[in-house]
Structure formats: C-alpha cells, structure tokens
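A.B. asks: Residue numbers (our numbering), protein chains in the order written: chain F, 1 to 249; chain P, 1 to 388.
Check before you lean on any hint, since a few could be wrong.
What the hints assert, rightly or not - Distance ranges between label pairs, derived from CB positions:
id, chain 1, residue 1, chain 2, residue 2, range
1, P, V284, F, L163, 55 to 61 Å
2, P, A42, F, L163, 34 to 40 Å
3, F, E222, P, A71, 44 to 50 Å
4, F, G150, P, E41, 50 to 56 Å
5, F, D240, P, A9, 53 to 59 Å
6, P, A298, F, E222, 33 to 39 Å
7, P, A71, F, N125, 39 to 45 Å
8, P, L386, F, K196, 38 to 44 Å
9, P, P11, F, K195, 17 to 23 Å
Treat the hints as calculated values from the structure; they're not laboratory data.
Ideal placement from N, C-alpha and C gives every residue a C-beta, glycine not left out.
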Amino acid sequence: MKVLVGVKRVIDANVKARVKSDGTGVETANVKMAMNPFCEIATEQAVRMKEAGSVTEIIAASCGPAANVETLRTALAMGADRGVHVQTDAELQPLAIAKLLKSVAEKEQVQLVILGKQAIDNDFNQTGQMLAALLGWSQATFASAIEVAGEWLKVTREVDGGLEHVEVKLPAVVTADLRLNEPRYASLPNIMKAKKKPIDTLTPDALGVDVTPRLKTLKVSEPPARKAGIKVESVAQLVDKLKNEAQVI
Amino acid sequence: MSSPMQSLASPFYGPEHEDFRATVRRFVEREIAPHADEWDEAGSFPRALYEKAGAAGLLAIGFPEEYGGIADDPFLRLILCEELAWGGNGGVQASLFSHTIGAPPIAAAGHPDVKQRWLPDILAGRAISALAITEPGGGSDVAGLSTQIRREGNEYVLNGRKIFITSAMRADVFTVAARCGQDGGLSLIVVDAKSPGITRTALKKTGWWSSDTAELVFEDVRVPAINLLGEEGRGFRLIMNNFNGERVTLAATALGAAQVCYHDALAWARLRQTFGKRLADHQVIRHKLADMKMRLEATRGWLEMVAWRLRQCSGKPNAELIAEICLIKNFSTQTMQFCADCAVQIMGGMGFMRGSRIERIYREVKVMMIGGGAEEIMKDLAARQLDF
Ligand SMILES: Cc1cc2nc3c(=O)[nH]c(=O)nc-3n(C[C@H](O)[C@H](O)[C@H](O)COP(=O)(O)OP(=O)(O)OC[C@H]3O[C@@H](n4cnc5c(N)ncnc54)[C@H](O)[C@@H]3O)c2cc1C
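Isolated chain F, as found in the complex (with noise of 0.2 Å):
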C-alpha cells in the first residue's frame, strides 16, 4: 500500500517564538525552522511500516512556502521515498491544506495518510479530521499504535483516562500522538541520499484549490508574564486571599 505523510515546517521546538510587534502573528523571519515534532513521529510510523512490508511506497508532502523544500527533505532523510511540494506563500489554514492534501492523495492513490495529530505552532489539530470528511474515509485520531490487519487498520487512541482501540476500514486517514513511535536519527548516508530523491512541485491552482483563509485573526499577543509570588502568614489569611483576591474557592 503507499502511503502519504504530511510534514508541516514550524518554528523549531527548542526556540522561544515571539510576537511580532504589530501583534499580527508570531515573528519567522530569520528564526530556526524544523519539521513539526508530530510529522515526525507520522513519517518514522510510515518508515516502520514499509520496514516491515505492510508499505510500498512512502510520498511526503509538505505545503508552503519555497524553504518547506528543507522540510521534505529531512523526511525523505528519515526514509520518505518521495517528496510533493504543493509551493505558495499564501497563509494556509487548516481546511486549505486538508483541500490540498486530499487531491494530492487522489492523484497519486493512496490508501493510507498519516498526519500528526496537531502542529505545535497554531495547534488547530483540525486538519485530519477535515481530510478524511472531505475524502470520505475512516478516520483513526491521537494513535499511539497501529496495525495493520488485511484491509483494516486496528489502531489504540489515546483519550482521556485510557486508551481505546478502534478497527477502520482502509483507505484511512490517521493522525499520530506523542507516543505513538520515537522518531529515528536521519543517518549521515541518509541525509545525503536524500538530496538525490525526487521531489515534484505543484501549486494550489494546478490543483484546483482555493486556499483563501475562512479564519480571521484579530490579534496575537504573547501569555502576561507571571508576577510574582507572595508568602502568607496563616492558613486563614490564604483561605481569605483564595475567596477574595484569586475568586477560586
């Protein structure tokens, strides 16, 4: 089966992101870029299938700007065998690049996506979920495992006080959660096979896709910095502060 992974460039995880003094949005010019911590673990869960044969074929695809080429390249580096540039310097949101994703998957026939389950800067976790309504497949969401079972998948969700273990129906989409794998190192040699493994670039027209934003952003602003702290003299005096003050009791 091919499968098609998506992999979203973000501002790298270990940097601290700042807004931009306009509060239009948070400031990426000249700042670290990396592949999306949960792309990661989506292509290391592609790489470990087609290591194991349920896979033939693994297709990245990343939408974006010219650099998100970077980006694809660190996955075809982890093991991608190919990589889809769908280029604009549009603002994407979440049910643009489902759109996108979906008539990338069409076009090269797919029976199986792997998304991560959100992506650390906007954190919509919306895009899944959008792909699978708008392809009309089964959808499994925040896997922490999956297996492959003929024309099944049997995936463990992780939700709120457990996990839960569905059966879907291929062809699927499935978004990936922290635990699901720990992504490999790309190996030196890797690394630079990779440079020589294709990437094709198409663009939102070509596809026939309308990526205006639905979503307006008013403003950004970055979290009030915390003040801080005071000491109590008695247990009445923070039973007081906690009723009167903070209104939590």
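For this one, chain F is given, so just place chain P with the ligand on it according to the hints.
C.D. replies: Frame of chain F; chain P with the ligand shown alone:
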C-alpha cells in the same frame, strides 16, 4: 538543550548541514548527555555506543563510500565536534572518535584487503581503531621515534613502546608508527590488537576519565607485510597529513567546549543573586561574559574560514593553510582555556564540584593544548610553513 550560537545566519551551512546537526543533537541528547556524569565517574562508557554512533552515520565522515563512509566535508566535522560538546563529556568524544585519527591512514594508503578487513567494521562501530604514535621517549619529536619493525618473509616483526594512546585498552586495531632499521624512515603499520606479544596498561588522567588511555608494549609482534601503509619508510607524510585532520577536529571540539562554558556560565549569571542583584548585573561578571563571547565568535569565524579553505582545496592544504591549521588549533584551545576558567570562576564553589560539565571541561583543557601537537610545536611548525 540547544546550541544558542547557531541562531545567527552563516553562509557556510546548507539544509543537509542543518539536518545533520539535528541528528547529532538528538543523538547527544538521547545517548550521551543523560550519562555524562555517570560515565566519567565510572571511567568508561558502554561499547554499544560505538555501534549506535555508527548506525547514525557519525563515524562515516571523510571515508570512502565503498566501505560505508561519506564524502569529506569539513563543515560536517565542525558540526559533529561542536554538537558533541553539548554532551559535556570530552572523554567519550575522544574515545568514540579515536578512529578519526586511527583510520584515515588505512583509508589513504592501505592494501585493499586491509581496508576491507577493517574499515567497514570501524565505520559501523563494530571495531575500535586507535592511533599509536607517541612514545615514552617523546611525542613532539615524531622524527625521533624508536619503535622498530623488521621484515621477515611475508611478515614484519614489531618491537617498542607507545604511551598515552587513546582507546588503547579497548581497541581492536592499532595504527602504529615505527621505523624499519635504526636509520630507516618512519612507517605506519596496521596491527590487529589480538596479535600475541601486545601488553596494555591503563593510565589515570586529570580529565577525559571515560576515555581509555593506555601504554602499549609490543614484543616480537608478527604483522602480515600487507598491513604496512604505503611504502616502507615513507610514512612521515602520511602521519603529518593525519595530524592536519586531527588538529581541525581538536579546534572544533575546543570551540564546542568553550561554547558550553559560555552558555552555562551565562545561565548561572542570570539566575544567581548576590548583593541583591543578579550576577550578570555586576559589571565585572558581565564583562567576563562579553570577553568570552568575543573570543568565541573570533574563533568560530576563523575556524569556519579554515574549513572553507580546506573544502576549496579538497582537503589538500598548502603550507600556508597548514600553518593556519596549527594556529587555529592553538587559538581555539586558548579560547577553551579562557572560557573554562571564566566559567568556573562565575559558578563559584559550584564550579569546583563534580557533576557539572563546567568542572569537567576545566579538567579537559590541558589535554587539548598538548595532544595532537603541543602549543609550542604548533607555533614552530607554523613558523616553518610560513618560512619565517
Ligand atoms: C589524554 C591524552 C591522549 C592522547 N592520545 C594519543 C593518541 O591517541 N595517540 C598518540 O599517538 N598520542 C596521544 N597522546 C600523546 C600526545 O600527542 C603527546 O602528549 C603530545 O604530542 C606531546 O608529546 P609529549 O607528551 O611526549 O611531550 P614532549 O614532546 O616531551 O613535550 C613536552 C613539552 O615540551 C614542549 N616542547 C617539546 N619540544 C619542544 C621544542 N623543540 N621547542 C619548544 N618546546 C618544546 C612541548 O610543547 C611540551 O609542552 C595523548 C596524550 C594525552 C595526554
């Protein structure tokens, strides 16, 4: 853990470099940093780490692809050394990568059978390679070495002593410098560590505790003649070329350690309060930090230029570049010395306590200024190359 120094753009690094940096960083975070203290105190680290490093391709740089290597790129070496430094254990770094001094002569001048016998295993981390040049009678004066080989039929018979040899307790293969006859020129020869007649004695050191350093005695060790690297008596050039690579690596490693000093000292200076304000708010301390940063950036700028020049000449430096390599080795290890000293001072008593990487780096400074060519020797060699 992050490498704060890499936030500024540089013309030298492409996406594959960044991918490689991410790989090394992850390797260090998972495989080295959590054990740095424990391994130093234990005086060793698990042999399995070699195979893990091999699987990640960390041992491959600069070796032929047919044996599992990757084409040379000095910037990959820089990244590797610098990122490893964040693991905070120079001893692991020294032993895990002892093949970067032991194996290049095999790749450069080995008989095909010898290359096939050793290189794939070394690059995969299945075999440990060590370089044995230094002798009790002296290390700086390479031309004065006295270990002997004598030809007997299809074999050489090796006799002599070597000292301060990194990885020597665990090595599977030694690349040994010896001369054929009293007045014969120097040769390098590949010696299987299982050969009868080899005695190894572990040495205790100021730093690099997790690295196994030893004295070696060779008594009538019989070595197949094809194990000689290149022509008999023509090994001096091979040894000198090998030193160029080692010195760039040492410079990059020293820069990495100096960066860790700056990073940890700055973090402490921001946190620690004395006399009602942060250490970083005392002018004396912030000036120390500025001096550290100044030396770091000067060292980095020059080292990257040296790496670029090495890439331009495909790793075949002319006299002027050899001089630069000698001097950047000195400059970078001085930066490390300065930064280690400042960092311990800024940390105060904490800087003298075992269990922090600053304390360890402080103990690792001198070997960087002595090993791979001591400072005085580097200056003299540079002077000769520059025809003073
Ligand atoms: C931890 C550790 C690991 C090592 N690992 C290895 C290894 O793996 N393989 C290996 O072969 N060697 C190794 N060495 C040895 C190292 O390369 C030598 O210590 C170094 O080359 C210096 O040689 P020496 O110790 O004999 O000092 P000497 O040559 O005796 O020099 C002593 C001092 O005198 C100075 N000096 C010497 N000659 C002159 C001169 N003409 N003019 C001015 N000053 C001079 C030197 O600079 C030095 O400061 C290691 C050393 C250490 C400490």
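A.B. asks: Between E222 (chain F) and A71 (chain P), does the beta-carbon spacing fit 44 to 50 Å?
C.D. replies: About 46 Å separates the Cβ atoms of E222 (chain F) and A71 (chain P), which means 44 to 50 Å holds.
A.B. asks: Can you let me know if the beta-carbon spacing of P11 (chain P) and K195 (chain F) is within 17 to 23 Å?
C.D. replies: For K195 (chain F) against P11 (chain P), whose Cβ atoms are near 19 Å apart, the range 17 to 23 Å holds.
A.B. asks: How does the Cβ-Cβ distance of G150 (chain F) and E41 (chain P) compare with 50 to 56 Å: does it lie in that range?
C.D. replies: 53 Å, holds
A.B. asks: Go ahead and decide if the range 53 to 59 Å is satisfied by the Cβ distance of D240 (chain F) to A9 (chain P).
C.D. replies: 54 Å, holds
A.B. asks: Confirm or reject the claim that L386 (chain P) and K196 (chain F) have a C-beta distance inside 38 to 44 Å.
C.D. replies: Holds: the Cβ-Cβ distance is about 42 Å, inside 38 to 44 Å.
A.B. asks: When you take the CB atoms of V284 (chain P) and L163 (chain F), is the distance between them in 55 to 61 Å?
C.D. replies: 57 Å, holds
A.B. asks: Between A71 (chain P) and N125 (chain F), does the beta-carbon spacing fit 39 to 45 Å?
C.D. replies: 42 Å, holds
A.B. asks: Starting from the hint 34 to 40 Å, judge whether the C-beta atoms of A42 (chain P) and L163 (chain F) obey it.
C.D. replies: 39 Å, holds
A.B. asks: Assuming the hint says 33 to 39 Å, is it satisfied by the Cβ distance from A298 (chain P) to E222 (chain F) or not?
C.D. replies: About 35 Å separates the Cβ atoms of A298 (chain P) and E222 (chain F), which means 33 to 39 Å holds.
In summary, this structure violates none of the numbered hints.
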